[in-house]
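Chains as they are written, first to last, in our numbering: chain A, 55 to 381; chain B, -7 to 218.
Think of the hints as simulated: they come from the structure by calculation, not from any bench.
Remember, it's a predicted structure, so these values are computed and weren't measured experimentally.
You can trust all of the hints, since none of them are fake.
The calculated lysine-lysine pairs, modelled on DSS-like cross-linking and capped at a C-alpha distance of 30 Å, are:
| id | chain 1 | residue 1 | chain 2 | residue 2 |
| --- | --- | --- | --- | --- |
| 1 | A | Lys354 | A | Lys342 |
| 2 | A | Lys156 | B | Lys121 |
| 3 | A | Lys306 | A | Lys329 |
| 4 | A | Lys70 | B | Lys121 |
| 5 | A | Lys100 | B | Lys105 |
| 6 | B | Lys105 | A | Lys131 |
| 7 | B | Lys121 | A | Lys241 |
| 8 | A | Lys159 | B | Lys121 |
| 9 | A | Lys329 | A | Lys343 |
| 10 | B | Lys121 | A | Lys100 |
| 11 | A | Lys256 | A | Lys100 |
| 12 | A | Lys70 | B | Lys43 |
| 13 | B | Lys121 | A | Lys242 |
| 14 | A | Lys363 | A | Lys342 |
| 15 | A | Lys167 | B | Lys121 |
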Amino acid sequence: MIRFEHVNKTYPNGLKAVCNLSLEIEEGETLVLLGTSGSGKTTTMKMVNRLIEPTEGRILIEDTDIMEQDPIRLRRKIGYAIQHIGLFPHMTVAENIAVVPKLLKWSEDKIDKRICELLSLVGLQPEQFRLCYPAQLSGGQQQRIGVARALAADPPIVLMDEPFGALDPITREQLQNEFIELETEIKKTIIFVTHDVFEAVKMGDRIALLDAGVLQQLAAPVELVDNPANEFVDQFLGQHRFQLSLLTKTLKTIIPQINQETASEKSSVPPLCLKVNSSLIEALDIFKKTGKVTLPVYQKCLFVGNLQKAALLKAITDILGETGGTT
Amino acid sequence: MNTVTSFLQKLGPEILSRTYEHIYLVFFAMVIATITALFVGVYLTRCRWPKLVSIIMGVAGTVQTIPSLALIAFIVVIFAFVKLPTIGTVPALVALVLYALLPILRNTYTGIKQVDSSIVEVATGMGMKPHQILFSVELPLSLPVIMAGIRISAVWTIGVATLCGLIGAGGLGDLIIKGLRSIRPDYLLAGTLPAAALALVFDWILGLVEKWLTPEGLRASVENQV
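The shape of chain A in the complex, shown without the other chains (with noise of 0.2 Å):
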């Protein structure tokens, strides 16, 4: 979907942001970059929509070098969301989803519709929220817009540079939890820069991390935190590891051989029980509400087993012991 070609980016004061970046992000995944300021995230994510544009190399959007298209019309198929700064404090909510929509020239009816569907997608009330201004609004009602605004004329590929930065950590952790929720309905090929490795690990399906433009590792979340390519990912990781770990690592893992035989079909699924991609602190977390030591664990509608508290809280130990973390 986006391939990135040897892609050299260096001011003209000489500073190198990018370096020599080759990567592909396959269409419908979210990929993560992730990096200290400076490492070249935002720098990497801006060239995609030329914004900023690369000194070397190519970068091609299925397959066609963005080079050699119309800038402006490069910008409209590609949804862009930034912190909640970037709404546009003079505009209505609905005139601020409506701006790409309108220089694509939708018919009115068109925007219309739109705007209430994705205010419903976003979970706020389209006759409450329409004609309000952003001033109205909290960080999270805002941010929530933010989103809606980049997915408005339906764009293939979205681009997020750290949307839920400016938030509470109670809100931002609610916004992550429903946008990884909206992502799966709306399929969207998503290139997020965070700072933020937790947030990484939950948002991304793969992560790049990089370090003064230089890519260090592009890998799924568990091999990531399992299996750091080199010192600067193990140190970027430090002490969180433990924590990532939990996070990344899902039942499957610690669940010996699912087993096809015992497997059967459920007809109803408790609303609160363990599925096999649930995170061990998930686990932990639902041992937890319920206060029981063996629960069932479901994969979909498929029973494949039970977990014993006691298992889950070993591999959590073992865990601690590999990754010598501290809590």
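Using the hints, position chain B against chain A.
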């Protein structure tokens, strides 16, 4: 009460015609200055040569430091050299326009420059063309600042325009000069009071225009809750 009516009876018609001249001068000077300053101001924000920005701002600032009486005198002298009319409306308008330019120019420039760069970047990233960014993002967001410049400029121009009576451009300055020459307080008042009232009225009207033009989302009155 009697003195007021006799005052108005005697000077009323003249006050009216001088006020009309005054408004005429100020209005055209402001229209020309606003249009010029907006164009130049917007151009300067797009200008990739910072030197030019500081030169133009410097020149406009220098003009402002010249005492208004001296500026009018200079224009008359320069006009005499290049054989343009040295009395009447034309030199007066030129002086007023030069004087009115700076506040509008400076506020247009700084107003657009102070628009959050990340907002402009988002607009670019969403695929707006430069002129769309100017008209639907930068100008609406800098409007309060630009309007403040226009209001300051209008009030100043009304004051400076009283001096244009000296070069035969008419206006309320005529009455003030007459009063000064003949030590007649009624003429002085007949010139001064309408000029002060005009400044207030102009400022009030421009305030209404500002309110009408300012995007609703930027108004302070927007309540902070849904």
